[in-house]
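> Here the protein sequences line up with chains A and B, keeping their order.
Per the UniProt record's numbering, the first sequence starts with residue 1, numbered consecutively.
Per the UniProt record's numbering, the second sequence starts with residue 1, numbered consecutively.
These are computed hints drawn from the structure, not numbers from a lab.
Where hints are given, some of them may not hold.
Copies of the same chain look alike in the list, so a pair counts if it works inside one copy or between any two.
Claimed, not checked - Listed below are the simulated DSSO-like cross-link pairs for lysine-lysine, each with C-alpha atoms no more than 27 Å apart in a straight line: (1) 98 <-> 193; (2) 304 <-> 130; (3) 134 <-> 193; (4) 134 <-> 304; (5) 507 <-> 552; (6) 507 <-> 548; (7) 441 <-> 548; (8) 94 <-> 193; (9) 570 <-> 548; (10) 507 <-> 293; (11) 365 <-> 570.
Since the model is a prediction, treat every value here as computed from it, not as a measurement.
Protein chains: 2
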Amino acid sequence: MSPKITTELLKQLRQVMKNPKYVQEPVQAYIVPSGDAHQSEYIAPCDCRRAFISGFDGSAGTAIVTEQQAAMWTDGRYFLQAAQQMDNNWTLMKMGLKDTPTQEDWLVSVLPEGSKVGVDPFIIPADQWKRMSKALRSAGHDLVPVKENLIDTIWADCPQRPCKPLITLDLSYTGVSWRDKIVALRSKMAERKVMWFVVTALDEVAWLFNLRGSDVEYNPVFFAYAVIGMNTIRLFIDGDRMVDPAVREHLQLDSTLEPEFKIQVMPYGSILSELQAVGAGLSSKEKVWLSDKASYALTEAVPKAYRYLTPYTPICIAKAVKNSSETEGMRRAHIKDAVALCELFNWLEKEVPKGTVTEIIAADKAEEFRSQQKDFVELSFATISSTGPNGAIIHYNPVPETNRTLSVNEIYLLDSGAQYKDGTTDVTRTMHFGTPSAYEKECFTYVLKGHIAVSAAIFPNGTKGHLLDSFARSALWDCGLDYLHGTGHGVGSFLNVHEGPCGISYKTFADEPLEAGMIVSDEPGYYEDGSFGIRIENVVLVIPAETKYNFKNRGSLTFEPLTLVPIQTKMIDVNLLTQKECNWVNNYHQKCREVVGAELERQGRHEALQWLIRETEPLVRVQ
Amino acid sequence: MSPKITTELLKQLRQVMKNPKYVQEPVQAYIVPSGDAHQSEYIAPCDCRRAFISGFDGSAGTAIVTEQQAAMWTDGRYFLQAAQQMDNNWTLMKMGLKDTPTQEDWLVSVLPEGSKVGVDPFIIPADQWKRMSKALRSAGHDLVPVKENLIDTIWADCPQRPCKPLITLDLSYTGVSWRDKIVALRSKMAERKVMWFVVTALDEVAWLFNLRGSDVEYNPVFFAYAVIGMNTIRLFIDGDRMVDPAVREHLQLDSTLEPEFKIQVMPYGSILSELQAVGAGLSSKEKVWLSDKASYALTEAVPKAYRYLTPYTPICIAKAVKNSSETEGMRRAHIKDAVALCELFNWLEKEVPKGTVTEIIAADKAEEFRSQQKDFVELSFATISSTGPNGAIIHYNPVPETNRTLSVNEIYLLDSGAQYKDGTTDVTRTMHFGTPSAYEKECFTYVLKGHIAVSAAIFPNGTKGHLLDSFARSALWDCGLDYLHGTGHGVGSFLNVHEGPCGISYKTFADEPLEAGMIVSDEPGYYEDGSFGIRIENVVLVIPAETKYNFKNRGSLTFEPLTLVPIQTKMIDVNLLTQKECNWVNNYHQKCREVVGAELERQGRHEALQWLIRETEPLVRVQ
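Excised from the complex, chain A in its bound form (with noise of 0.2 Å):
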């Protein structure tokens, strides 16, 4: 990796910083965030401003340009690819580390007295822009927002934002129509007393109104905005999508409706002026639900007065909650998922050995195998497809630079999933093809208890997710070891394979309790750097738990394995096993091999079938 030379492009964005064309007055420096408008964890190629500005292209990063300076704040994961990928220009602020300085303190350490500091305030969340703005104030700046973003006025070649033909999705596979989803949001809102409700983030958006696209890679999303009233619908989309008629039919445009379930579309750069009419007419009683991870520009639109901010938004928690008809796609699609895998493995085990294989033929291999499946999309995220020391990088994608090449002396770690318009999957399995050493077996063995402690676990409804991280830990930590990440996300339905409001991790944040219908990943591991890695990742659906005395009708939980792709029981030592964790893998194989060798069989994959039965033989404890 050759760094991006920048010389040039900066003095253009520091010309601009003065250029009274897109400045009120000149800003000292200017903050070039990661994120898109719409706070998304994967960005479309038009909103990689940071990495077009410093050649860095992480996926976590905060680029600060001053009249002399440049920096660069990442985290742990980034230092070594950000200081290949940045030229001399560049300070790398490596954050996490004791004397590595914040944005804030650097910028008051840097500029001189009553600087400006400009910021696009559609990309900078409202909660950030409090946060800067105040520490800048109180050293005598002033954070401000400039309106036109200033990288794209100087971004020549900048691709256009996609816009890709969309998806309908029909109730067979919704459970419930955009229609009920309104009127349910609505009484959300009228519980809350709030008049309007704004839709910022692009999962929302797609799932409130049952429809998918492909305008950002891996999830099924498109942009849009939109601003739900009581008896107003208005849809922020741009492009010829809404000319299909799938589409108008789907949205019901032409068909003379009751009027508060009329869609107006409108075009999507319309959202703020929209939404700044909206908030000038608003009387003393009415409120706009906003999530406070919108940005700046949308929340400054609304009055601070008329303004009802919330960590998630009633559509993020009943998107968490999926009906009967999703939960039966999301079940399809894994076994379609665990088909592809049966088959790749099957085709690993006798190719491996040959020394053909590396890891980006294998994740190929896995995206072959699953899109010759009914209703593949495309990949849920970037496959991780490591072997040997890589599978101790926990975010590595195979690259040429570092593609190794599978063998029988190495563990291989395989992390990926796919979209399908039945459901999304995400399913990690750490394989041995040769003979794995006993202290790798151990290792394995205790992130497998740690995986069964959290998929057998029973709780109290009301149990929020973070409460079973130690769970996942304890075998390992009672030999030291331990992984540094947390234990599971939520998952989307056809929709983006990280969301919110639940999860199950070591670090406390605001998760929201598990109820029944909700479905996370459970995928303990464990790293030796410059060895190899160990995870293993099923996507489990909450549901009730029968206990003896049920928590006094509070009700119990438990999980259920979406995921049914076999554990390499070559890997487990199956003498570290209590009885109870030996039936439940052998409980699992066997489920496997039921659900999806009927479907192996179904679609003539014999071969792959029989490998299946052979890898569900049960495992017998010696004791």
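Keeping the supplied structure of chain A fixed, place chain B upon it in accordance with the hints.
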């Protein structure tokens, strides 16, 4: 319980709310919080202002009196008691119920436009002031500080503020001299670039100067503040206490000392003016460190730009990590405490069948046995002595109206502890003096499994206590049982029985990571309303653990029980224990027998020794 008649008192209060002698402008509402000026958990009689004005004397509650109304906010523990103790002048505001307004919302709904709401700025913590002030201001009202406490002006027979003699603790108890504590504090101040530190919590003043007092029941503290500069020490304390030659020598008040260790003794009441003088003399780079829970009055004395507020002070954090003198003292105290409880339980075993032992008699007997032990000072909290259904009331203290007789048919729960000059104890044992039912044994055994799961847990250095909470619940959860309180709290060393900044709770609060030397309680329970309560509590010391792989030298921690009182084996269903749990119980009992047995022998308490030997017979698991 008959209610207190408050008509006349409220009339008087409403008069002083308009009296220009006390208020610049009339206040339309006056807030009477629970606390004292140090945000203490236990308060002195002179600080029980809310109880005086309302009659309600529970440990938590806030009264607000307006020109027309009087309202009391309290939580579920006290709904019944508050309703019984207050007359018809008062409206009970049941916190936690859906329709109960917050104090702010209620004030806004009842106050005339542009009202003033008064509060004693010494009693209200700064963070609470901020929240309430903001809410009132946005509704057009003002929160105003009323310097003279209005309750005190009408409280004719208000008790004097206690001013009892001090106890000096030498190095054999504290391990570190007060001078060295000041040196360490100043080094923390220098690290944070802070010039002044204000000590507001009573246990922090006591700890810093290696002094103890008895101004407040159960907590061996005394009314004082301190302000520590880089070269000065000011102690704000009243009375003749500084005349005591032992105290003068301990603090070296009459020695020629380096000026930076010379303690200036000042009147308790002069803290505000002295701190204002400090605040007025600050130059631009000088900061003053305060707890963010310090009173509004003291926080306001420091100009905003010079304040450095943290949730936990460096004293709070240093105090939590006990040195070897303190842990040895705690060990000694717990052995003496165990001797007293062996005597008690032996006595109860003989006396309960006679039907003459009430909850109060048992509590008194426990105190009697404790008071026979060396260096006994007082109890560390009000004894929870509860039998049968009273055991299910988690914060129960027996009073004549509720006093129940112990019998061979009911479970008895005793949660008690003492202050010894060398340490603080807090222990809960649940006993049956007849034959427990299978269900009682089952529940007890799940609680025991939870207790062991925490006590034997191994976890990496730096783990926060709240991550261990679910370990205590897992066995209960599996059967659909739970308990609605946290699992553990920090314990002081001859100081407050509840102290921060660590603990073990499902409530995610900002707890500091556990480290070796910290002392917490481990006290899961199960409560069957109307029938019985079960709790098993040990005080445990955080110690380094040995593990196979030691977290790559990050280090491992576990707990060592300091409490050494047998856990009644009669209550255990041994077939519900794993072999590992069974071994834990047997090892624990072996240690009780050895360590406490030796002390019983030394003290010539032969009958109690026989009881101990009987109660520590090893469990045998039938497989």
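> Now tell me if each hint is right for this structure.
A quick look at each hint next to the structure:
Proximity of residue 98 to residue 193 under the C-alpha cut-off of 27 Å is restricted to the inter-copy arrangement: shortest distance 16 Å between copies versus 46 Å within a copy. In this assembly of identical chains, residue 304 and residue 130 lie within 27 Å of each other by CA distance both inside one copy and across copies; the values are 13 Å within and 19 Å between. Within a single copy, residue 134 and residue 193 get their C-alpha atoms only as close as 30 Å, which misses the 27 Å cut-off; across copies the closest is 21 Å, which meets it. Taking identical chains as interchangeable, the C-alpha atoms of residue 134 and residue 304 lie at most 27 Å apart whether they share a chain (16 Å) or sit on different chains (14 Å).
Proximity of residue 507 and residue 552 under a CA criterion of 27 Å is satisfied inter-copy only: 21 Å between copies versus 30 Å inside one chain copy. In this assembly of identical chains, the alpha carbons of residue 507 and residue 548 lie at most 27 Å apart only when taken from different copies (26 Å versus 32 Å within one copy). In this homomeric assembly, residue 441 and residue 548 come within 27 Å of each other (Cα to Cα) only across copies, at 15 Å, whereas the closest approach inside a single copy is 36 Å. Taking the shortest Cα distances, residue 94 and residue 193 sit within 27 Å of each other only across copies (23 Å), while inside one copy they are farther apart (45 Å).
In this homomeric assembly, residue 570 and residue 548 come within 27 Å of each other (Cα to Cα) only across copies, at 23 Å, whereas the closest approach inside a single copy is 36 Å. Taking identical chains as interchangeable, the C-alpha atoms of residue 507 and residue 293 lie at most 27 Å apart whether they share a chain (19 Å) or sit on different chains (24 Å). For the identical chains of this complex, residue 365 and residue 570 are intra-copy neighbours only, at 23 Å inside a copy versus 62 Å across copies, given an alpha-carbon limit of 27 Å.
Hint violations for this structure: none, all hints satisfied.
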